[in-house]
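Asks: Can you make the complete structure from the sequences, with help from the hints?
Residue numbers (my numbering): 104 to 309.
Rather than coming from a laboratory, the hints here were simulated on the basis of the structure.
All values reported here derive from a predicted model rather than from experimental measurement.
Nothing false has been slipped in among the hints.
Taking CB as the label site, the calculated pair distances span: (1) Asp141 to Ser163: 14 to 20 Å; (2) Arg261 to Pro299: 40 to 46 Å; (3) Arg204 to Gly282: 16 to 22 Å.
No residue lacks a Cβ here, since even glycine has one placed at the ideal position from N, Cα and C.
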Amino acid sequence: MSEDPVAAVDVESGLAEPRKAKGDTFITTMGLFWRADDVFWGRQKNPGSLLGRSAERLSSDPVDFRDQVGIYVLYADYDMVYVGQTGSGDQRLFVRLRQHRTDHLAGRWNRFSWFGTRRVVGKGVLSADKQALHPSLGLALDHIEGVLISAAEPPLNRQSGTFGANVEQYVQERDERLGPTDRELLERLCEQAGVPAARKPAPSGE
104 MSEDPVAAVD
114 VESGLAEPRK
124 AKGDTFITTM
134 GLFWRADDVF
144 WGRQKNPGSL
154 LGRSAERLSS
164 DPVDFRDQVG
174 IYVLYADYDM
184 VYVGQTGSGD
194 QRLFVRLRQH
204 RTDHLAGRWN
214 RFSWFGTRRV
224 VGKGVLSADK
234 QALHPSLGLA
244 LDHIEGVLIS
254 AAEPPLNRQS
264 GTFGANVEQY
274 VQERDERLGP
284 TDRELLERLC
294 EQAGVPAARK
304 PAPSGE
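Replies: See the structure below:
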């Protein structure tokens, strides 16, 4: 007789919580509020990239998520302005984002978040593009809720989205091909001139 897939019932929602079967997956990686200005969008024969490091292993090598598949969100600063998807056709995350720099959304966004179905395997390589996804109902609902809460940050939601331990967040890595930031240039000029650079204001309460 096969094992009952239901492990427990969530008392608050009344929904059955299925056991997480091997291979039970949906969203696997995500990046929140990345800066468009820190992305190298490519030029001529020099392709661009979407680089990120594991938030739990910042010393690890950066991973290029340009071919990621999933959902993405565009922001003007931190205000959500657009939601899209990538992967149903031939276009992947990087291409879709780059298109929005020249289409009707050009100049109207400067940050983005993404939620991908391709996990990182080996040394910074993404899993198979056309992998079959078989998430349980409970996992799919958790991840849909997690995407909505993480992307929109509703003010009345006290808890963050529930993705689970199998979903890994990546923080953005500025592409070195962009050169130093404006702040880094200013700090260098101040150092050369012997003038102390302006310090960031201390957090309140200090």
